[in-house]
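Undergrad: Assemble the whole structure, with the sequences as input and the hints as a guide.
Heads up: the sequence lines are chains B and H, in that order. Numbering follows our numbering, with no gaps: position 695 of the first sequence is 695. Numbering follows our numbering, with no gaps: position 205 of the second sequence is 10205.
Don't read these hints as lab results, they were simulated from the structure. Check before you lean on any hint, since a few could be wrong.
What the hints assert, rightly or not - Where chain H lies over chain B, by a calculated footprint (3+ residues, C-beta under 8 Å):
| no. | region |
| --- | --- |
| 1 | 595–604 |
| 2 | 666–680 |
| 3 | 922–936 |
For every residue, glycine included, the Cβ atom is placed at its ideal position computed from N, Cα and C.
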Amino acid sequence: MIKPVFIKIWLVGCIIAMAYSHALGQTVINGKVMDAQSNEALVGVSVKAIGSTAGTSTDEKGNYSLTVPLNTKELEFRFLGYQTQAIAINGRQTIPVLLHPDDAKLDEVVVVGYGTVKKSDLTGSVTTLSSKDFNKGAITSADQLIAGKAAGVQVVQNSGEPGGGISVNIRGVGSINAGNSPLYVIDGLPLDNSAAVTGSGTSFTGMRTVRNPLNSINPNDIASIEVLKDASATAIYGSRGANGVVLITTKSGSSGALRVQYDAYAGMQNVAHKIELLNAPDYMRVMNAIIDAGGGNESQKITDISGTGTNWLDEIYHQQAAIQNHNLSFSGGNEHTTFLASLNYYDQDGILLHSNNKRYTGRINLEHHADRFKLGLSLSTSYSKDLYVPNGMDLNERAGIVYAAINYDPTLSIWDDNGKYTLSKDMNIDNPLAIANGKQARSNLYRTFGTIYGEYQLAEGLSAKLNVGGDVVNQRRDTYVNRLTIDGNAAGGIASILQGKNSNYLVEGTINYHRDFKQSSLNAVIGMTGQRFIDNDFSAEARGFPADVTKTDNLGLGDPTTHITSSGKSSNSLLSYLGRVNYTLLNKYLFTTALRVDGSSRFGTNNKYGYFPSVALGWKLNEEDFLKNVKSLSNLKLRTSWGQTGNQEIGNYQSMSTFGTGLKYVYDGVQVTSTTPSRLANLNLKWETSEQLNLGLDFGILQNRVSGTIDWYTKNTKDMLLNLPVPRSTGFSTIMTNIGGVRNSGFEFMLTTNNLTGAFKWDSNISLNTLKNKVTNLGGIENIITGSAGSTSQIAIIEEGKPLNSFYGYKIAGIWQQNDDFSVTDDQVSPGDIKYVDTNGDRVVNAEDRVLLGSSFPSFMWSFTNTFSYKNFGLYVFIEGVNGAKMLNNNLVDTYFPANLKRNRLAEPLLNRWTPENPSSIYPSFVNPNGQGQKTVNSYTVEDASYIRLNTIRLSYQLPLKTSTIKALSLYVSGQNLVTITDYTGYDPALNPNGSANFRIDWNAYPSARTFLIGVNLGL
Amino acid sequence: MKTLRYSYLVLSIGAMCMLQSCSKFLDEEVFSQLAPENFLGTKEGIESLLTDAYARTANMNSNNSIYVLAPQEWPTDILYQSGDNVERTARDFINFTWDPSIDFLTTNWDPPYQAIRDANLLLENMENAELSDGEKKVYIAECKFLRAINYYKLYFMFGTVPLRTTTTQTLQLARASEEEIQHFIESELLAAIADLPAPGEEAAYGRAHKAAAMGYLCKFYLNTKQWQKSAVIAEDMINQFSYDLFPEYKNMFRVENERNAEYIWVRPAFASSDRATANSWANTSFPDNFAEAPSLGIKYLSTYVNWPNEFRIYDDFYNSFEPGDKRRDLLITSYINSAGQTISLLGDNNIRSFKYWPDPNAQGASHGNDIPEIRFADILLTRAEALNELNGPTQASIDLINQVRTRAGLPKLALSDYSSTEALRDHLLKERGWEFYSEGHRRMDLIRMGKFIENAQKRGKNAKAYHALFPIPQVVMDADPLMVQNEGY
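TA: Here you go:
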């Protein structure tokens, strides 16, 4: 193991090299700062004496007063949204200043890891989104704010439930077995986004992914989000940078009078798109016809509809689910101290019964400047209360409500003659309403996180910063299954409590150096950081309660022989050294290099430390003489970068061979526990490495009325962690190995235009990106066939040269017809059966005939945002689209390959099924649906999930108020998820219950909502 | 001012170096699992891993109890399945249309190999464990027993399989030859027999003993048609131990009568909510809205679960019993449903086997009835069959069969009724069916007597000779390029 000693030497060397000087004698300068166009006073403008550390900011009337050393020559005035000005003092005592709005937007400061950089000096690929760019409407989490807004960032909702999980991929996916989520850093604290409680409780089906851990952050608190995409930007995060980094900066106060802001909305949600099942009369007619055609026994015939039958899906929808959000913030301060405090209440009902998400958050951000010292605090605390209904990717006796409602017999009534929920004797599924009302879970989650930092200016341009942070998530989930259900009735009630705590702390020190030379400037940072994560969990379960009254509040009342407890604890840590240098020459040539050295406890003993370097170059072409005179060109910059980043999300203890809980056995009639080997050890286990090359172009023409960026990248992941299948005769099925590679490449294009600038304004943003994903190396394995959902398995293939997790199955040519030549096949097929393509022409259709059926990766994604304003009216229209993505519709699999005859199915294929009278060439007869085996993954069930969506429309009106108390008041109405154009037949092509965006399987999706809101923004 | 400046610098650098100097910061601490270094050096560690090996050998987790039995009976003349989600898979087993990707093949592949892995690991660590030589000897014998019976199960399910006898062999491993597998099973069992305690002297019921190892060896010789060896070892077992037929066939399989003098080796069950050691049979035997089976006095309790996954007995099998056969009483032909109506199950291939009486202490789908793998009746009939194959019908064979028939309340057979080896073999096939239905012996009995394919064809199935072996599961094929699939698949 190599100790990164040289970093320490560098650190010490840098400090010694720093020189600083003292000023003698002082004078006071004052004045007023105003907007050059409107002549309005500007509040909170930063005023600095160039060449010293003296600084202040303007008060609520725009005035400043600053004591500066006598030898000071210039003052610098800096204000967000305005061009920074340096003004020579020339012996004056009073200096009024007019600041010009910064149309160029180029000198916005962009937050990058461990520092900031002027946007014009940026060499990496970074998308900056501020609150005006964020998605509008009902937003529960930070990632929803940027969905569709940043090219190269794919945000896929895993579930339509309130606060449902989301998967985010930046520039494709580079990993099969390690995590693919970006690193989230909020105000300098890298977040651990794993869930504290992952289980859903006994006899309770949960989603494949838990609710979004980012929910505990109030989206209203967020000032800006920076998405770091290329290696130049992410390498500073080393072994956590490979999936991209999302930097979240929360709002801060500004000096001046107290400002109070109240924002609220309330609204209603409905199921956006319903799926159609056979209704009771159609079900009876079609099933009986199938039986007549030989698909069942006479005894199975349906003779009776109880009442009018039941549309089970309609019964589980929550019509008109309410949603509301209230946000109240206070901010203000003086020239030394600024603060922002906010409170938020969010309450969303789900569009399925008994699901809800409530959140209460509070935040305090403080910053204090005193001479050379700066102290800051960013602290957030939240309480989330979730109510869950059983739903997820499970089936039969374990089914959640959507599966049960889709499969249940529509000829039954809800209640039987005894007043109990009707049970079908044909299927091992509980009554959907019994599941909804008899299985309920709630969770209480408390999360507090924040950072405290102190920064001291050691000398001109040299400062040291210490940042200490922490994050504690405490969650308890209570599940009770009562006697309304089959499970609960047999067990006498099942109570389970799951408790989890995730915590981590961060300590880091950085030293920043900045110096402007005559023709160049230098910016450097070095630092060291350590973060340790400790998770633990506890769960308990009991059954056999005297009554369904105490639920989880008295497990001791349950039958003592049924008590089950378990607990666990794990930890991991990271220790890192980092450094970065930015150098600008002649304000034309930009150079950036960064290095991070990461040690992780997760890596094998032979590979404890990883090195992650990057370099980037930028060339501001518009500053060159040959372009300087081109008036229409306001900005033109070429960028290129190269670097390596890592992915350490491999889980804990994967490099070691340990003994975990084994199976139980019975000695002398008593159950005993055991231990079993957990895995094959791999002492060489290490991070995955991504090597990324980026080429970019930033441009702006006509005073930046048209501006944009184009990026091209190629990202090669090597040493990819694969759960390498091992011969199963070893007693193991896989070993975690660093082998294999994946390449992601694509173009990203973002364009901002001010189409109309008069009284009627029209601005638009276009974002577009392409993505090509390819497995480049599988370490000698021919392929890996993977994926399962219920009884559908072997869904996708991982093979060199093909996109990761390409769907792999049978191609359907149509339907066998009566006059077809059946001699071409040895398979037992009849007219009305599905005609699979015998690809290899060996007269039988078997596993050898499977072909690639597309992948989950969209070939391109785009969005088009328009903001119109006229006088006090504003209109926001957001349209987005995804093209070329495929998804396995497993509910369609259940229709084509029903577990038994009596399962209800999607209406369309059954109503139009093949019969001798209706020789359909699309839909089979369903007489012998499993007769050709379980060819569940095929060109019917793998559907095109491309779509175009009118995502959001918002109409707002700014009330023309001019009172002393109310500064601003606006009202709006908005609609979300309004229109979707798609060929996809499930609930929503944009949903992915399988959880990972690169492998899309839709099954029993919690449907997505259409939301209508009215809202108010009030500024005091 | 300068002091503050320097103290801040020192503080920052100090804090950073604190992390660095704490050299254990990156050590991976294990809290909830056991590290291998010392774990297998202790008796507790050995016992704990050995328990896992037993558990995987028994294969009773979740629904594995019945999905180990099902492939042995669904393709036969006794039992079939229909109803709900399992039907899709069951149909392939019933209709001889199974392929390498079908369910329940890995259920019968992975747990045996996991048990073999555990046993190999134990054997490798035995040398250095803090144990007396006597203890080591028994543990080694138990491990050899477990390895051997798992290879036995794999061999008769899939044919020859990779022979993994240490954990240090190469990951990829080709299938062993017939001779290697057979020799390994035989020699391991012989070694185990030498050192295992006599039945009743084992550390706990459920642990290996001499008779269990002899029982497996006896069945191994029988199924590999080593008649002489099989007959000898059966005789040895009959004479050496105090096993006997349980007086009342009907009650033998009830939870309260477990650990009886007839059970030689079982897959032990215990009802628990986690279903880790569950017998799931009863869930599949309850007909629709079952309330009561008056013929057996079984009543449905609210703690039971009635699945739509139904294991149904063919009418032909029920009708094949000789009149008065008490063993048939466990097959119910009518029941009372929850509406109080009596429903007949006869005439519709819908008879239910209540061999595993519902457990009064069942927890939902989990019942506690042990599933016998070797019982004394099997040893008697094995010797009868082996002698018949060696010498043709003899009084010795007939007497052995008659012991079993007498318990069943049937008249004794007479030697004169059986003129040829075939005639007695045919009777033995029937007798074994009546005796061992729902115990997972039928497939091997049919195969051994050469009737497996023929019978299936008579039932209209497209059965071919290669169906006598199941295919190697597709996931197993995919993970090892050295594996060669069984012929025909």
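Undergrad: Confirm or reject each hint.
TA: Here is what the structure says about each hint:
1. A count of 4 residues in the region 595–604 of chain B with a Cβ less than 8 Å from any Cβ of chain H is obtained; the coverage claim is therefore met, three being the minimum.
2. For the region 666–680 of chain B, the stated coverage by chain H holds: 13 residues have a C-beta nearer than 8 Å to a C-beta of that chain, and at least 3 were required.
3. With 3 residues carrying a beta carbon less than 8 Å from a beta carbon of chain H, the region 922–936 of chain B meets the three-residue requirement, and the given coverage holds.
Going down the numbered hints, you'll see the structure goes against none, and every one checks out.
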